[in-house]
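Engineer: Generate coordinates for the entire structure from the input sequences, incorporating the hints supplied.
158 is the number of the first residue of the sequence shown in our numbering; add one for each residue after it.
Think of the hints as simulated: they come from the structure by calculation, not from any bench. Check the hints yourself; a few may be wrong.
To be verified - Straight line, CA to CA, 30 Å or less: simulated DSS-like cross-link-like pairs of lysine-lysine:
no.: 1; residue 1: 415; residue 2: 285
no.: 2; residue 1: 285; residue 2: 433
no.: 3; residue 1: 404; residue 2: 311
no.: 4; residue 1: 363; residue 2: 404
no.: 5; residue 1: 283; residue 2: 323
no.: 6; residue 1: 291; residue 2: 318
no.: 7; residue 1: 415; residue 2: 291
no.: 8; residue 1: 291; residue 2: 306
no.: 9; residue 1: 283; residue 2: 306
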Amino acid sequence: MNNQGQNPNLLNTGDKNRYRKKEGEIRTMESDISKLLKEEKPSVLELVTKRRGEEMFSTATGAKNPLISWKIISITTASLVVFLIIGFFAYKYFLGPETRSGGEIKIEKKPVIYVSYDEETEIVLKNKNEFASKVNEVARESSRFGTLKKLDIKIANGEIKNVLFKDFLRILEAVPPIDLEFVVLPELQQFIYYSDTRATLASIFKVSDTARALADMLSWEPRIPAELNEFLLGASSEINIVFFEDKTHAGVPYRFAKMSFSEDLGFGYFVFPEKKYLVIASSEEAIRIIINRLLEP
158 MNNQGQNPNL LNTGDKNRYR KKEGEIRTME SDISKLLKEE KPSVLELVTK RRGEEMFSTA
218 TGAKNPLISW KIISITTASL VVFLIIGFFA YKYFLGPETR SGGEIKIEKK PVIYVSYDEE
278 TEIVLKNKNE FASKVNEVAR ESSRFGTLKK LDIKIANGEI KNVLFKDFLR ILEAVPPIDL
338 EFVVLPELQQ FIYYSDTRAT LASIFKVSDT ARALADMLSW EPRIPAELNE FLLGASSEIN
398 IVFFEDKTHA GVPYRFAKMS FSEDLGFGYF VFPEKKYLVI ASSEEAIRII INRLLEP
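Structural biologist: Listed below in structure tokens is the structure:
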């Protein structure tokens, strides 16, 4: 029986999915699909293999990922900028302030100001033995009554630098309680007060603990007249047995030991807790003036 509508070149073998060419070639749906894939489209395996081969070729020939290159450039640039910034500030703060003059290095530093003053002068010491003569020279200068003159005392020893607390102790050859050296900070302010009769010396120190500083000063009292004799600016003591007395001015307590019956001369000190100051002076008037200025708004 003839099958109408069928391809005359194919014979039906009974299986609707199987046909046979008249020339003897057997085709199936699976074989047709397989042939189509081979001729028209590459397999997934071929695509993966081709892609992997391209990557290996790119690596072998030295080609680089542009994204990675930009990352490297960005990191390098940022590192260079940071290095330049660090170099700038290192030069500014460590090398910039130094200036050479006459073979010496002058270190410029902002002066420490603990209390207001009226005049200012600079003293440069070549050695500690010049302290008394140079300070007395300033004390003999003509200044109006009530003037508080700040002394910027420096040492020239290969470099010119400000006198610090330990330098000051070496100049005076003073040996305070060991604990006081740990409580007092390096910076200090020194000045001369001109009263109506004489000039007196005073110093202000910044401390980390006012209670400990006061306790150390109390234990140092018996040796203060001998070790801080330079505070008297060459004046002779009229009293051999020294007693420190408790006194108060404007609500601020201080201790003072008179060294003269006729003049306002002696050793006095007080701590100012509000600003953590230790003040030492050689006259009561100087102590009262400093207290007044510390209480200024």
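Engineer: All the hints need checking, so say for each whether the structure fits it.
Structural biologist: Results for each hint:
no.: 1; hint: 415 / 285; verdict: holds (27 Å)
no.: 2; hint: 285 / 433; verdict: holds (28 Å)
no.: 3; hint: 404 / 311; verdict: violated (34 Å)
no.: 4; hint: 363 / 404; verdict: holds (22 Å)
no.: 5; hint: 283 / 323; verdict: holds (17 Å)
no.: 6; hint: 291 / 318; verdict: holds (17 Å)
no.: 7; hint: 415 / 291; verdict: holds (25 Å)
no.: 8; hint: 291 / 306; verdict: holds (14 Å)
no.: 9; hint: 283 / 306; verdict: holds (22 Å)
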